[in-house]
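A.B. asks: Chain by chain, the residues:
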Amino acid sequence: QKEVEQNSGPLSVPEGAIASLNCTYSDRGSQSFFWYRQYSGKSPELIMSIYSNGDKEDGRFTAQLNKASQYVSLLIRDSQPSDSATYLCAVLGGGGSYIPTFGRGTSLIVHP
Amino acid sequence: DAGVTQSPTHLIKTRGQQVTLRCSPISGHKSVSWYQQVLGQGPQFIFQYYEKEERGRGNFPDRFSARQFPNYSSELNVNALLLGDSALYLCASSRRLGDTGELFFGEGSRLTVL
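Chains as they are written, first to last, in the working numbering: chain A, 1 to 112; chain B, 1 to 114.
By construction, these hints were calculated from the structure, which means they are not laboratory data.
Hints are not guaranteed to be accurate.
Stretch by stretch, here's where chain A covers chain B in the computed footprint (C-beta under 8 angstroms, at least three residues) [to be verified]:
1) 14-25
2) 65-77
Some, not all, of what chain B presents toward chain A, calculated at C-beta under 10 angstroms [stated by the list, open to error]:
3) Ser7
4) His29
5) Tyr35
6) Glu51
7) Leu90
8) Ala92
9) Ser94
Predicted model only: the values in this text are computed from it and were never measured.
Just so it is clear, CB atoms sit at the ideal spot from N, CA and C, and this is done for glycine as well.
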């Protein structure tokens, strides 16, 4: 069974700090990796996707992928209170799978 | 362009009843997936449809069924409701089957079973 593991948190960081969110996955054949943000009472929203080893930057967000370690992370620089949300890691397996598996999410709290 | 729309947004049912949830994908999107999300957990996959054919089914009992219509809208049906079916039901669409990691979610239908 494909598993995606995230620490549920909450992760609390001060405004302006770097928030680091981590995710591990069990399916070594996984090819595609996604980070979704979900505000309380709202639906998930895609914020980053990454397909190759290394870093991918988009504004204040950086996704990092290490397939050998089966590890993907999301860094949020200059964290703002508006970044307070649950961040869901999703992994799309290999072998022609079209169904992403979601982790339980990490709750991030950015305090002023 | 309108996003993914779901109806109803909230509903309350009693045990044993049946419920139908509806979803309209983003225009041009041909893949629709259904997820169940309980508080504190990530979305759990229920069904995926592409071009009106079922392409995937999660680990849910046969009380759960779905279909996709020619206009790519979709319905999720749940029969013989149990208390444990109380959850947020999310519909997500993507343009092609190969894009199904990049999902666009609707606001969800929050089901409460009493």
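A.B. asks: Have a go at the B/Tyr35 hint: is there a Cβ in chain A nearer than 10 angstroms to its own Cβ?
C.D. replies: holds (8 angstroms)
A.B. asks: Taking the least C-beta to C-beta distance, is B/Glu51 closer than 10 angstroms to chain A?
C.D. replies: violated (12 angstroms)
A.B. asks: Minimum Cβ distance from B/Leu90 to chain A below 10 angstroms?
C.D. replies: holds (6 angstroms)
A.B. asks: Are B/Ser7 and chain A close enough, Cβ to Cβ, to be under 10 angstroms, as the hint says?
C.D. replies: This interface hint is violated because 14 angstroms lies over the 10 angstroms limit.
A.B. asks: Hint check: is the beta carbon of B/Ser94 less than 10 angstroms from a beta carbon of chain A?
C.D. replies: Holds, because the Cβ-Cβ distance from B/Ser94 to chain A comes to roughly 9 angstroms (cut-off 10 angstroms).
A.B. asks: Should the hint that B/His29 touches chain A count as held when the rule is a Cβ pair under 10 angstroms?
C.D. replies: This interface hint is violated because 13 angstroms lies over the 10 angstroms limit.
A.B. asks: Taking the closest Cβ pair, is B/Ala92 under 10 angstroms from chain A?
C.D. replies: Because about 8 angstroms separates B/Ala92 from the closest Cβ in chain A, which is inside the 10 angstroms limit, the hint holds.
A.B. asks: Has the stretch 65-77 of chain B got at least three residues whose CB is nearer than 8 angstroms to a CB belonging to chain A?
C.D. replies: As far as the stretch 65-77 of chain B goes, the hint is violated, because 0 residues have Cβ atoms under 8 angstroms from chain A.
A.B. asks: Counting residues of the stretch 14-25 of chain B with a beta carbon closer than 8 angstroms to any beta carbon of chain A, are there 3 or more?
C.D. replies: Not satisfied, violated; 0 residues make the cut.
Comparing the model with each earlier hint shows violations of hints 1, 2, 3, 4 and 6; every other hint is respected.
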